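Peer 1: Got chain S sorted already, so can you dock chain P onto it with the hints?
Protein chains in written order, with the numbering used here: chain S, 8 to 456; chain P, 680 to 1254.
Everything labelled a hint here was simulated from the structure, so no lab data went into it.
It cannot be assumed that every hint is accurate.
[What the hints assert, rightly or not] Below, simulated DSBU-like cross-link-like pairs (lysine-lysine); rule was C-alpha separation at most 30 Å, straight line:
#1 P/1130 - S/50
#2 P/917 - P/934
#3 P/1130 - S/255
#4 P/1235 - S/255
[To be verified] Computed far set for chain P versus chain S, every beta-carbon distance over 12 Å:
#5 779
#6 964
#7 997
[What the hints assert, rightly or not] These stretches of chain S come out as covered by chain P in the derived footprint (C-beta under 8 Å, 3 or more residues):
#8 154 to 168
#9 311 to 325
#10 368 to 374
Only a predicted model underlies this, so the values are computations on that prediction, with no experimental measurement involved.
No residue lacks a Cβ here, since even glycine has one placed at the ideal position from N, Cα and C.
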Amino acid sequence: MNKRQFLKVMFGTSLGLSSYSALGKQLSLVNAAAKSTSLDGYKALVCIFLYGGNDSYNMLIPTDINDYQTYAGVRQNLAIERESLLSLNTVSNLPYNVGVPSYMSPLAELFTQGRLAFINNVGPLVEPTTKANIQADSANLPPQLFSHNDQQKLWETSGANLNDLAGWAGRMADLITDTSANTISTNISLAGNNIMQTGNIIQPYSMTAEGAPMFGALNPEEDWNSDRISIFDQLIALDNHALGNSYKSIMNRARTNALLVNQALDTTPALQTEFGTDSLSQELAMTANLIAARDTLGMNRQVFFIGFGGWDTHDRQMQDHPVLLSRLSAAMASFNSAMNELGLSDAVTTFTASDFGRTLTSNGDGTDHGWGGHQLVMGGAVNGGRLFGQLPALELNSNDDFGDGRMIPTTSCEEYSAQLARWFGLSESQVSEIFPTLSRFDQSNIDFI
Amino acid sequence: MMLTFRTLSMLMMLGIALYGCGGGGSDSASETPAPPSAPPAGDQGDSGDEPTDEPPTQNTPIAAARLLNQASFGATPEDIVAVVDLGQEAWIDEQIDLSPSYHMPLVEPYADNEDFWRSYRISAWWHRALYAPDQLRQRVAFALSEIMVVSEFNGVLADDPEALTAYYDLLVEHAFGSYRELLEAVTLSPAMGVYLSMLGNEKPDEERNIRPDENYAREVMQLFSIGLVELNLDGTEKLDAEQQPIPSYDQTVIKGFAHVFTGWHFSGTTAQTWYRWWENFNLFDPMGAVDEYHDSNEKQLFSGVILPANQTAEQDLALALDALASHSNVAPFISKQLIQKLVTSNPSPAYVERIANVFLDNGSGEQGDLATVVKAILLDEEAQSGHINAPTTFGKVREPIIRAAHMWRAFNLTYVGERIDFGWPEYFFGQAPVASPSVFNFYRPDYSPIKLESETGLLAPELQIATDSTMTNTVNFFAWYGLWRTFSGDPSDADITEDDDMFIDITEEVTLVEQDGSEALLAHLNLVLTAGALNDEAIDLLVDAYEADEYAEPEKRIANLIFLIMSSPQYAIQR
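Here chain S stands alone, though its shape is the one from the complex (with noise of 0.2 Å):
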């Protein structure tokens, strides 16, 4: 397909404006459940998920001459020059100053202005973990460390079991959506299906940065389609096949929820603040829009997550990873000003999970697998200009270190996210249902938000 086809299919998705009055009917009956919620006002969270393990290392890396000569020891020729390193001035009582690559200044800039929060040394754990734990064989780790799929599964479901199903957004969607209310999903995906944010009742609604494609000769809208729609119906209502079953659900999904997503994306003015062209930046933009439809879709709390891919820097990680850390701070700070055009700062929060942080060492021109990593926290209710949780000694074979400078993490992924669904309303009671083992950690120095 070439370009000039595919606009021509693009704009082929386009909605045609036409009969809204039982979609009326519908949105009044949505905005009549969400006032009945003990859930006030509007709330949403946005996760933006590194996928291959962010090199958080050179993300946050120390300012003072000795410090930063262990670093750069550690990390030799994958060392950010410190120079060209941006000071957080922060009044924690930290280890080591921190500064972040030049490439980063935007989020440098909303640090400083107290809108965004470091959660240092983030990981999955069964359990808080020490390396005497470890050396004495007597420490209960996770399963299948250092494997990419596995550790996305146990940062999505925020607990240490492979075996779970449902992640912790989608057990929140679960606890607190009004399932009587007819209209999208709590949790909106713009990178497909995603174990976060699936429920064992409420799925992920999946879009796009285009938006939600309509169903052409399915459409509901256009007469013309009346006939084939009810011979369609007919015909699947007569398969029973278990797997059929599961695409029948996704499509009739799909079906109602476009119609609902576009009516209400047609009928929001559009956001002045700019964003760039990558994809992280467009997926950001729509989720903005999204947001800004809000009252039209009767949403009053919904979860968003978005995938930004690359991070798996095993080789020209000097190459690649600046380029990521700067097309990540360039997107997010454009959400950030979309969020004050809504007058939404406070109520959006922005927050970055990864599969795991990477080795200290490197193999070259890279780095491996590793375990704890740094995680970056954004909104107007979050106590910005500041680092919570520990940052781990930066010397190889430290007690930070579990072997060539994979970090022990000291904030389970479990009490990052708790923290992020106290934000989101939830009672202690319902963040204990969602995050059972949350009692094994103290869950001191997270009070981010």
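Peer 2: Here is chain P on its own, set in the frame of chain S:
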């Protein structure tokens, strides 16, 4: 052509009757006697020539269409006739013997074009999927491309459609060879070397805290050979005393393999040119060893396997790949995934074990003979009769890109211009050849939508890419490239005005409905598209729909039926 087609029309009526009565015996009404089935390898490694108790494979149009959906890019009237004519086993043998259709000859002529980009290698893929005579080999190569993944989403490979084509051709070449040789070819492929950074991986430099790259070491084990946990021969997980899975390897083993995979670079690289990679840049020839950059210490692999010190890069590699290929996990791990890719997402443990036994011994004492493994997968009793014995659970979700290829095969794609210009398939399907988002492929073999998994325990891997958007866009593909892009009769009558416009040709279906009526049309579509999965009610519904629309031209009405069937779960689930 017309004679064959009419013969088929009669055969398919017969096939549908057999489908309804449950099958199981030989087809007495068939003109040619049913050939004996391939005997599954017994636990004691029975010789392949001994008679067994297994029922022979059916020699009906339905059975032929089912086989073709599993073993090709979709059944066509002509291929159904061919399978019925030859019998399933003979057809498979013939397929295995066909010479490979490589993709590079279709890509190379364009390499100097100014607009040379991925569209050209995707064109070649479509061309082979639609027209290659060696369909089974092409289908297995595609399955392998989703197990031993290299992807365009890589800084170097993105700009090199030829390198990706060369990798794909390597899979085409080895699809019916030995697994051990395939593993070596994949390991030494420069595209793989770039993708999983084994290329340029060097021995440790302890002074600089530099240790070998673990990327290939980890993924070759997790994804290409043995998997994360110890398996029984039937593909189920082994459990320890606490009923927990047992990891197949730990970080020490990964380090061992990472050291093995040092010292390889572009072909022709020497110690002097190791860092001047541009002097040897070559994404076609297998990587070459440079022993000065290979770690020469002893290496510990799995328990019991230790590679002695002072071996060359080649010696270490040979022993390490031998260790991987002979690990007890390989037979069930690879066999099960091939079954899932071709036949059913949820094979019984007994099915996996039967195939794993063939993997371990092809009947001549050879291990990992992929041709015999593929043949056994297709002729296994579970593949042959799963749709009857487990009608609501057997089968798999057809990959959307294979559904598209099927439409274009079944209804002769007609396009203007010298190649199939459809270069961005992921827009419609959420997948494209050799363009996975990561080495974990578009979907994992253990994926299942949560409700399916919690309520039935079944897997549906291909549904991982069935998002709301791709589901919609795939159905739209059948509207834009099927429903609204048909012609019948003379191609010059079709509204083909653009260089890249693509139409489906339903001349034969129009002739069929005019001569034999709408029931014959439905029987034909039910055979060619769904291999008989539409039940009587569904057929009645569609016949009535066809007849009710009496003012529309037959061509439009047929196109509507094709759209409805190809968008339905009856079609989307291959069973």
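Peer 1: Does each hint fit the structure? Answer for all of them.
Peer 2: Tested hints:
1. Proximity of residue 1130 of chain P to residue 50 of chain S is assessed by CA-CA distance (about 28 Å); at most 30 Å being required, the pair is judged to hold.
2. Our distance criterion of 30 Å between C-alpha atoms is met by residue 917 of chain P and residue 934 of chain P, whose separation comes to about 24 Å.
3. At most 30 Å may separate the alpha-carbon atoms for a hinted pair to count; residue 1130 of chain P and residue 255 of chain S meet this at roughly 13 Å.
4. The straight-line distance between the Cα atoms of residue 1235 of chain P and residue 255 of chain S is roughly 25 Å, inside the 30 Å bound, and the hint therefore holds.
5. The Cβ of residue 779 of chain P sits about 28 Å from the closest Cβ of chain S, beyond the 12 Å cut-off, so the non-interface label holds.
6. For residue 964 of chain P, the shortest C-beta to C-beta distance to chain S comes to about 20 Å, beyond the 12 Å cut-off, and the non-interface label holds.
7. For residue 997 of chain P, the non-interface assignment is confirmed: its Cβ lies about 23 Å from the closest Cβ of chain S, beyond the 12 Å cut-off.
8. Under a criterion of three residues with beta carbons nearer than 8 Å to beta carbons of chain P, the stated coverage of the segment 154 to 168 of chain S is upheld, 4 such residues being counted.
9. Check on the segment 311 to 325 of chain S: 6 of its residues sit with their Cβ under 8 Å from a Cβ of chain P, so the three-residue criterion for coverage holds.
10. Beta-carbon proximity to chain P at under 8 Å applies to 6 residues in the segment 368 to 374 of chain S; the threshold of 3 is reached and the given coverage holds.
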